[in-house]
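Chains Z, H, W and D: place on chain L using the hints.
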Amino acid sequence: MLVNCVAYQNGKKLGDIPVADISEYVMRPECFVWVALFDPTVDEMDEMAKEFDLHPLAVEDARKGHQRPKIEEYDESLFVVLHTLEPMSDATDAALTDGEVDIFVGPNYILSVRHRTQKGFADVRSRCEREPALLRYGSGFVLYALMDTVVDRYFPILDGMESELEQIEENIFVRNAARSNIESLYALKQKLMLLKHAIDPLMEATGKLYGGRVPQVCTGMGEYFRDVYDHLHRIHATIEGIRDMLTTAIQVNLGMISLSESEVTKKLAAWAAIIAVPTMVAGIYGMNFEYMPELKWAFGYPLAIATMVAVDVYLYVRFKKTRWL
Amino acid sequence: MLVNCVAYQNGKKLGDIPVADISEYVMRPECFVWVALFDPTVDEMDEMAKEFDLHPLAVEDARKGHQRPKIEEYDESLFVVLHTLEPMSDATDAALTDGEVDIFVGPNYILSVRHRTQKGFADVRSRCEREPALLRYGSGFVLYALMDTVVDRYFPILDGMESELEQIEENIFVRNAARSNIESLYALKQKLMLLKHAIDPLMEATGKLYGGRVPQVCTGMGEYFRDVYDHLHRIHATIEGIRDMLTTAIQVNLGMISLSESEVTKKLAAWAAIIAVPTMVAGIYGMNFEYMPELKWAFGYPLAIATMVAVDVYLYVRFKKTRWL
Amino acid sequence: MLVNCVAYQNGKKLGDIPVADISEYVMRPECFVWVALFDPTVDEMDEMAKEFDLHPLAVEDARKGHQRPKIEEYDESLFVVLHTLEPMSDATDAALTDGEVDIFVGPNYILSVRHRTQKGFADVRSRCEREPALLRYGSGFVLYALMDTVVDRYFPILDGMESELEQIEENIFVRNAARSNIESLYALKQKLMLLKHAIDPLMEATGKLYGGRVPQVCTGMGEYFRDVYDHLHRIHATIEGIRDMLTTAIQVNLGMISLSESEVTKKLAAWAAIIAVPTMVAGIYGMNFEYMPELKWAFGYPLAIATMVAVDVYLYVRFKKTRWL
Amino acid sequence: MLVNCVAYQNGKKLGDIPVADISEYVMRPECFVWVALFDPTVDEMDEMAKEFDLHPLAVEDARKGHQRPKIEEYDESLFVVLHTLEPMSDATDAALTDGEVDIFVGPNYILSVRHRTQKGFADVRSRCEREPALLRYGSGFVLYALMDTVVDRYFPILDGMESELEQIEENIFVRNAARSNIESLYALKQKLMLLKHAIDPLMEATGKLYGGRVPQVCTGMGEYFRDVYDHLHRIHATIEGIRDMLTTAIQVNLGMISLSESEVTKKLAAWAAIIAVPTMVAGIYGMNFEYMPELKWAFGYPLAIATMVAVDVYLYVRFKKTRWL
Amino acid sequence: MLVNCVAYQNGKKLGDIPVADISEYVMRPECFVWVALFDPTVDEMDEMAKEFDLHPLAVEDARKGHQRPKIEEYDESLFVVLHTLEPMSDATDAALTDGEVDIFVGPNYILSVRHRTQKGFADVRSRCEREPALLRYGSGFVLYALMDTVVDRYFPILDGMESELEQIEENIFVRNAARSNIESLYALKQKLMLLKHAIDPLMEATGKLYGGRVPQVCTGMGEYFRDVYDHLHRIHATIEGIRDMLTTAIQVNLGMISLSESEVTKKLAAWAAIIAVPTMVAGIYGMNFEYMPELKWAFGYPLAIATMVAVDVYLYVRFKKTRWL
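Protein chains in written order, with the working numbering: chain L, 19 to 343; chain Z, 19 to 343; chain H, 19 to 343; chain W, 19 to 343; chain D, 19 to 343.
Pulled out of the complex, with its shape left as it was, chain L reads as follows:
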């Protein structure tokens, strides 16, 4: 589906143009064309490939989707793959949908193709149009603006993961929470890996857009791409931190499970003793020997009961002291 197809000149919008005119506008040196597609059909992609003269390998990647995040250089143009992550619901621990944005950037065009991604880039376009001074940089600046936006959208997701971890950490030493903790820890790890797979290759690729030899379309934008890199690096570091804590938390959780089992065993042992001792005494006075003098005593029965109670009180106090009970 075609979302937008606009030509710009000198940082200012010329207006929407028909798809068929793209190749013509792309020819004009002072112009650039910015097209946005959403889940395009095969025909739409083919038309774009023709109008912009895109490299067949890149087009094939964009058509098949499910690429890893990357930035590839084809002569004068770039092919950028970004992953988008969107929570499926508003719950804190909602699962994430893994979408994709493929961007083709040439000296005077930029084409973005959204797959499985709800949120569009209308805000990016309007922000860019409000800053003609920067938009004059051309497609390189739009690429920056798109990447910056995609990366900035990772932050709330990361924050959500951090609060999830904190929530689990609060529960981790609570008794009887082990099962739900371990489930949450595993679910969090799964989501974290999704984010990691979106971030890590992109960070590596972005590092090549500033310093050293830089692709033509990004020239003069070094500080901007370094800023994107820096955000990616921050996310990366936080991910690694959460991952490390997750591993520790899972181990600690294991320890808590063992500990709680140990406590159950102690309780079991203590109560077993408290019940078994009177049972034994009762068993003894239940024997049928003819000559058992205690049985004849008037106070035999109360004495026996008293003994049982005394022993149990003693045991109970002792177990309480050693914290078995």
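Calculated directly from the structure, the hints in this document are not laboratory data.
We put the beta carbon where it would ideally sit given N, CA and C, even for glycine.
Among the hints, a few may not be true.
One-sided excerpt, in silico: chain D residues whose CB lies under 10 Å from chain W [said to hold, decoys possible]:
1. Y155
2. E187
3. G238
4. D248
5. S276
6. V295
7. I302
8. M305
9. F307
10. Y309
Same frame as chain L, but now just chains Z, H, W and D:
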């Protein structure tokens, strides 16, 4: 076994040629010869070595087989070892056979030798013959086509592993599934390592076929080999992701085992108490003291029974509340 | 809040100057201006940005805060982000507040912005003013002095963590301390990660301030920045050491929990046997068979009791020997 | 002990020469001398050092032995340390003896010193003498032949470890094999580490014998040393694979132990219930109340027994269903 | 405390000189001065700093002590920090004291400062004086001799750790040794980390004293410093090996604890069954039903006893077979 022996000129098939004529065709600068062998005999290999003038170390490697994946440069020619993985059956969790394809590539010849690999490369040949424009690149393009095909065949295997993992993850928090989970996790890990050993060295080697100094036969094909590298990188990243999740899953499984044992112990303790208390009371009234007034009471028996039941009901409710039962 | 705004010439203080005059002093080649802010308002930041002509990306970072530690070069100036860590209370295991200091350094100005940080840098300023020979180096030296101070303030925190670890290590083999140990280990790990996130990126960045190409403002100060780097490296190595020991300690703790459960089970088993055997004997002599000769014996009862005691003494001794009791 | 001392010219054997003549033959440019020692005395080493003019640091290393594998360059000569591993017996899981071969290589001599190594290099010598075309390369080729042989001897050991692992893997899910499995896993890990210590430093060092600047004596042999490197790399990758699987196997084994304990606890609980219920019922009818109407019933006893049996059958079936029994 | 202050010329000792004359001797180009201090006072350090004209940052480091091992270049001089490790007692598992040696090396002076280190370097000095040919190299050679000595002193400590590990490994599969094993493993890990912190940074630093650009004072000594590096590398590899085995050993120990608990539980279950069955039978014949025909039988009692014994014998044999007993 000789599968094919064909000469090409200017991207078009000249026709099948006898093995003895190979060395002659290889001489012609505008020609190239593409030979495919399957589990060759020693004699067949020797003949090929003579016709193509192959390096003895490479021939020895191909003869012995069981090489790690690699790409070695001998003067103007390349020796490439690829691993193939084929599921033994159609089951999701089928074991994998580890085959090998050795490829000798010179400026105007390409020789592929298949070992322990069912699936041949007839489709690669016909695809190449349909694209004379690309086939004109010569042996370098055929090398790309073969590598691309081998690598693409890893994807369904990888997908299979991902679904296996998902299946295990669904079972991991299910009670009483620990044993089968742990067995599946281990089996998956074994298969994953097989794939990892096929991928990792190859990725490293493929990185040397584009950018920087590139072997003669691959010149001008940089973007194609980068595409292969990119696929390998994607597989690699997914493998590392699965590996990480496997480690976590095994730990979580361990936690679930401990947890379930803990639950058994709790149940054991609770029922032990429920049975032991009446036994103790019964024991007491089974004592043979002469003066036990309760024994004479008309309602002694019903009262005793009532007490037992009352205590047990109380215990049952309490254990239910604390989730021991 | 503006803390200080002072101009220096030739290593000597000229005196406090109004904010509006900053841009004028910055013009004079032999002068430099040192400004300190604490939790500035938006207006204060804007004024500073204007007076010092700061790069918009850096200013935006400083305004939003929560940056990872870094050193960024913008033409002739540097933007440095440091994290400060301050214990919330005087307790050994007090949690840490994570503050931030953003420093803008140009050829003849230095601007430090403190966020969420109690302790200021008044001592740095007075130390610098006491050493005019060094202060003559200009803003580069002040940058060193600030970084050195921030880094030196990590040491007591690190020492605190080391003593915490030692304290836990002393308790780790003590019985019944497992729960508190595991809680302390986890809390320590959390704090350690905080310190790690402050140190690691900074170490990487500081490495670029000496040796090789060095930013203009740091020229000639190589040995000083190497000294800062060296301190960071020491902290880094200690952190890695603590981290490694923490992992081991958590595992060992897990082992101690299992071990202590094992001991409880042994005790339970031993006492169960000691109680169950007399109960069984008593049960036998409580049977109502008519022909049980022992029941008629005068010494039947004492003999039965003696048997029970003898068996229990034997069991007790044996369990003591095998350390089950 | 002197094993051999032979002079070669143009790839052909000149004949055995007395040790005292070595220095003379070494002088002749077209000649080279190949000496093999086995556990030499101090005097023998000293004589060799004098005849070949060896570097004192290398001689000291060779005398002390217990070096890590390495390849050191001293001006025109090389000092190579290789580790040999030989199984102590024919059993699959036999322990390994860790021997050492020190090789001194100069432009026209090669001296090999074997320590704690049963198997000599007589086969290498005769193989070399059969290939004068290659032996003409001189000492560099002999070095290759020795290294190749030592490395090839690792393969059967590695294969042995792989079969050991497979054997353990077959047992890992077998009940009651946990103890022997864990012992085998640990023993295998110990042996693996021995092999790793022989391989890893050597791989690193061998990488410097081809490509880039290469020591004089190895010039023109690049493809041969790359072949050795390739073998080392393959062993290295296999070791890492085994190591990874070992770690997982130990964890899985731990899980199996927990699982089997869990099963024991379930069985214990089930049987305890089956025995305790009739005991409780019997206890009740063993009470001595005067008014217990059931006791007078003609069918009281059979009914009581029937109840007990019924309850137990019910419990047994239920436990079977939930797999506790 | 001043230990020694000696001037050397041409590799020969000139004689002890007063501290005040140092600066004079240092001036003479063919001379060099070798001073040794032990726990110096502030005044002594200041005097040295003045006489040798040491860099203030290095002097401050030496005064404060507790530096990480490092080698820093200040213009023409080097500042070297080494850690010394000395066992506190003669016991195999004695704790280690962590000392420090700071060495200042200039073109014609060397100053060593020992902190918390019992063993001095008198033997180094006398060894050096016995080899004037080497001592002629000047301060560079003395630096080598000191480093070599410090590094060689690590070997007995490392050997001690290896034997400790072997001792633990022998005990690891012994029953009831789990607690002492785990304590020993942890203590060994602590010592290992101490050694690791002494070795790793030093190895990195020593690598810069040979090959590539080398500090002035070390020129021409490359092979010697490579030898030191090689020793450090060997220690490093051994440490990593021990560390890896320690991790595995701790896991295995955990497995043994679980295993032994499992065995206890089995024993408990088996004996519980053996005692509970007769108790149940006795309970049944202790019931007070009027019509229990068996009670009247003459052989009722012996038969009941016989049944109990038979069942118990059967159970005992069966448990023995399944290894529960």
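Outcome of the hint check:
With 10 Å as the threshold, the beta carbon of Y155 of chain D stays out of range of chain W, its nearest partner Cβ sitting at about 14 Å, so the hint is violated. Taken as an interface hint, E187 of chain D checks out: its beta carbon lies about 8 Å from the nearest beta carbon of chain W, inside 10 Å. The restraint placing G238 of chain D at the interface with chain W is violated, with a minimum CB-CB distance near 13 Å, outside the 10 Å limit. About 7 Å separates the beta-carbon of D248 of chain D from the nearest beta-carbon of chain W, less than 10 Å, and the hint is met.
At about 5 Å, the closest approach between the beta carbon of S276 of chain D and any beta carbon in chain W falls short of 10 Å, and the interface hint on this residue holds. Hint on V295 of chain D holds. Least Cβ distance to chain W is approximately 6 Å, under the 10 Å limit. At about 5 Å, the closest approach between the beta carbon of I302 of chain D and any beta carbon in chain W falls short of 10 Å, and the interface hint on this residue holds. Below 10 Å, beta-carbon pairs count as interface contacts, and M305 of chain D has one with chain W at about 4 Å; its hint therefore holds.
The criterion of a C-beta within 10 Å of any C-beta in chain W is met by F307 of chain D, whose closest approach is roughly 4 Å, and the hint holds. Given the 10 Å rule on beta carbons, the hint for Y309 of chain D holds: about 5 Å separates it from the nearest Cβ of chain W.
Hint check: violations occur at hints 1 and 3; the rest are consistent with the structure.
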